[in-house]
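The primary structure of each chain is shown beneath.
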Amino acid sequence: MSPRLLEVEDLTVHYRARRGAVRAVEAASFAVGEGETVAIVGESGSGKSTTAYALLGLLPRSARVERGRIGFDGRDLAGLPERRWREVRGREIALIPQDPGTSLNPVQRIGAQVAEALRLSGGADRRTARARTLELLADAGLPDPAVQARQYPSQLSGGMRQRALITIAIAARPRLIVADEPTSALDVTVQRRILDLLGALVRESGTGLLLITHDLGVAAERADRVLVMRSGAIVEQGTPGEVLSDPRDPYTRSLIDAAPGLARTPRRHRVRLTAIPGDPFAEPRPARAPEAGAGPDVPVLRVEELVKEFRPPRAAGRATAIRAVDGVSFTIPRGRTYGLVGESGSGKSTTARLILRLADPTGGRVLLGEEDITGTRGAAQRLLRRRMQIVQQNPYASLDPRRTVEQIVTDPLASFGLGSRAQRRGRARELVDLVALPASVLARRPAELSGGQRQRVAIARALVLNPELVVCDEPVSALDVAVQAQILDLLAALQAELGVSYLFISHDLAVVRHIADEVGVLHRGRLVESGPTEEIFAGARHGHTRELLDAIPGRR
Amino acid sequence: MARFLGGRVLQGLFVLWAAYTLSFAVLYALPSDPAAIAAGANNSVTPEQLALLRHEMGLDRPLMEQYLTKLGGALHGDLGRSLQSGEPVTSLIGRALPPTLAVAGAGLVLGVLLGTGLAVLATVTGSRRLRRALLSLPPLGVAIPAFVIGLLLLQWLSFTWNVFPAIGEGGLRGLVLPAVTIAVQPAALIGQVLAKSMGDELGKDYVAVARAKGAGPLRVNVRHVLRNAALPALTLAGLLVGGLLTGAIVVEAVFSRNGLGQVTQGAVAAEDLPVVQGVVVLGALVFVTVNLAVDLLYQVLDPRLAVARRPAGRFALSGLAGRG
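Note that the protein sequences, when read in sequence, are chains A and B.
Residue numbering for the first sequence follows the UniProt record's numbering, starting at 1 and increasing by one per position.
Residue numbering for the second sequence follows the UniProt record's numbering, starting at 1 and increasing by one per position.
Heads up, some of the hints might be wrong.
[Said to hold, decoys possible] A partial selection of chain B residues facing chain A, derived with a Cβ cut-off under 7 Å: (1) Ala51; (2) Arg129; (3) Gly214; (4) Gly266; (5) Ala269; (6) Val300; (7) Asp302; (8) Arg304.
By construction, these hints were calculated from the structure, which means they are not laboratory data.
Predicted, not measured: the structure shown is a model, and the values here were computed from it.
Every residue, glycine too, gets a C-beta built ideally from N, C-alpha and C.
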């Protein structure tokens with residue numbers, strides 16, 4: 001056993017709330033040794049982030065350490081005054097935050113932000129800071145440190161920003177690094193590279209690493225020991241092997257099932273056709289009714305040789321256009337799901353926008369049923385919205401915070417003037433029930449709902465018109481894994497019940513595997529591989545697909 | 001950058017032309033006779049003399065022709081002559097401008113400093129009571145009209161204690177009370193907006209990272225938060241400049257100072273149209289210039305705005321890629 005660097009005993013943190021204290025962390029005890037990586041796994045609200053921030057003395061004003069001891073190198077940090085904390089932070093315990101998109105100061109150059117960490121911790125003075133900054137940026141794997149040091153965060157990709165944040169964390173050679181969900185905002189392939197980097201840095205320097213994550217797959221792959229946290233308490237501790245093969249707590253079991261890369265069998269579903277697309281209040285008729293467009297043999301969507309070019313602004317002096325989508329073709333059979341996979345920037349969201357007629361393609365055709373919708377405008381284009389709907393990535397941004405759930409769900413009906421007020425209300429109740437939310441949410445506003453509940457509302461809104469096709473653009477990547485699994489199950493159940501077709505867009509092959517019948521892999525605007533889901537998983541031919549497969553945590 | 005600047009300058013020229021044309025249309029639609037005003041209150045002017053004067057001033061020609069002639073003159077820096085004194089409008093305004101600029105400029109600088117100070121102090125302080133007290137000041141500052149503040153300052157500091165002169169120029173010492181009077185509203189508005197956006201910024205993730213580096217509260221607030229929070233306040237400051245000119249009129253009346261306010265007041269009362277028009281065009285010029293400066297400052301304060309204009313940056317920021 002390596003010497004104990006951090007020994008947390010009986011840590012209890014409460015939040016002051018209007019209705020009395022809320023217990024965030026309850027009697028948590030654990031230890032991290034020198035050079036050891038310990039992972040805390042749990043869903044949001046389990047107290048794992050509160051634990052992390054307590055170790056840095058960065059709890060919000062409303063939080064208080066009620067009890068317990070944070071033993072670090074023989075001292076007790078609990079109850080340290082703010083002035084003393086400043087000597088610990090950065091120098092001895094460093095933070096790698098969750099979201100590289102918002103964790104760097106947007107108006108300061110990367111180099112200055114790293115140099116600040118060096119200067120504050122006494123790791124360098126005014127003269128040596130610059131050279132040391134470049135060294136550290138190179139250690140963190142940034143390709144061209146001298147360039148990146150002079151850039152602003154908005155000029156770097158998510159992965160490069162996280163490397164910059166890692167540089168800031170290691171600047172002062174801390175003895176413990178607390179990494180709070182360091183990769184959950186990143187693509188899976190980038191996630192793997194970042195975790196590799198962290199692992200290497202920790203091994204070389206003998207730094208202890210406390211890895212906070214909601215993904216048991218990540219924890220099992222990267223940590224020496226795994227702690228499972230639930231409702232503020234640690235319910236399980238052990239090596240990854242022990243926790244995975246012999247979980248003692250039923251909650252751990254459910255986390256194992258929820259991790260997309262760890263579950264053994266993908267979920268399966270069936271197809272049934274109902275109702276008239278685009279109008280929930282029309283009399284249900286057999287599927288060959290003329291309004292339905294076509295029989296079940298005609299695919300719901302065909303995309304042929306789709307091309308989208310973005311022309312750089314004239315002032316740029318560069319004549320060549322950027323091809324975001326480059327000759328993409330695929331077909332979605334009625335009642336089925338097509339998964340479109342790729343890293344950010346691969347053109348998957350642009351493809352979705354072209355299909356939804358939110359952008360005009362440079363070339364190619366989009367057919368909805370038998371109708372060519374590529375050039376539709378005005379009223380005809382508006383009518384398409386009754387047949388195609390979208391579920392967006394971020395349920396925190398896609399719902400109007402000032403409207404009630406009922407108003408949100410019935411909004412599409414109201415904008416097409418469908419049904420009476422009473423009918424719409426009835427339809428809202430039906431949909432909310434369909435997405436497994438209690439009827440009481442109808443009167444509430446988005447702020448009162450959790451992320452998973454909000455995404456259910458967004459799904460209800462997308463389905464209220466009874467569309468033929470729903471485009472799901474990364475619908476679960478802003479959610480915890482446990483919630484992800486629930487939403488995926490819900491989407492599959494809704495498809496079985498309603499016969500709706502999905503275009504499912506994701507950067508994560510593991511997620512797509514659970515929902516898609518067919519998968520297409522996009523790489524730099526081109527569809528490099530396409531086929532039935534299990535075939536892709538059994539034997540990927542293209543190198544990029546294999547890279548995406550290898551990136552799934554827990555598969556190695 | 002040159003392209004951006006050229007575009008903004010063209011836009012500014014358009015605003016100036018529009019201000020000139022609109023003021024021409026409105027002022028000359030008024031039922032007053034410039035020739036009669038130019039002849040003065042002297043009732044002995046015969047109708048024949050008045051007609052002759054009208055002809056000399058070009059008032060008998062078609063309106064469009066008058067407009068084009070005057071616009072041509074304005075392009076060469078000739079805004080016509082005052083109907084009352086016969087002095088060229090440009091030299092009249094040129095003479096009245098420096099004292100007004102001194103008061104308005106001092107007021108703006110003081111307002112920005114006070115507002116920023118208030119916001120920073122309210123954010124940095126650990127005392128909840130002090131923060132509440134500071135943040136209750138802005139609504140008060142906006143609610144009290146400038147002339148009331150001016151009169152109160154006069155009453156205490158000039159008449160009762162005799163610290164500052166009550167009337168007239170008196171150099172720098174005479175500038176203090178008018179500048180303070182004019183600064184109160186901008187300070188209140190800037191303080192309010194800046195404190196709010198600093199509060200919003202404090203909750204952002206990069207602040208946690210800065211604190212995790214070991215930075216203290218002053219460093220976090222001044223080095224990290226203030227610059228990020230400055231944009232809304234800067235926009236506001238640009239808009240407030242228009243209000244400062246209006247404020248100057250009131251303040252010059254209260255403190256009996258010479259300046260643009262006095263000139264404007266006199267010109268409006270006497271229906272001296274060329275002077276009024278000159279003041280309108282000057283207001284537009286100041287507004288355009290200040291907002292151009294604000295736009296340029298944005299780019300200095302927030303590199304993302306400068307980056308967005310470059311092609312690579314624009315593509316990355318287009319939002320198509322989402323959060324992934």
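For each hint, the structure was consulted:
1. Ala51: violated (58 Å)
2. Arg129: violated (15 Å)
3. Gly214: holds (4 Å)
4. Gly266: violated (47 Å)
5. Ala269: violated (49 Å)
6. Val300: violated (10 Å)
7. Asp302: Check passed: Cβ of Asp302/B comes within 6 Å of chain A, closer than 7 Å.
8. Arg304: Nearest chain A Cβ about 5 Å off; hint holds.
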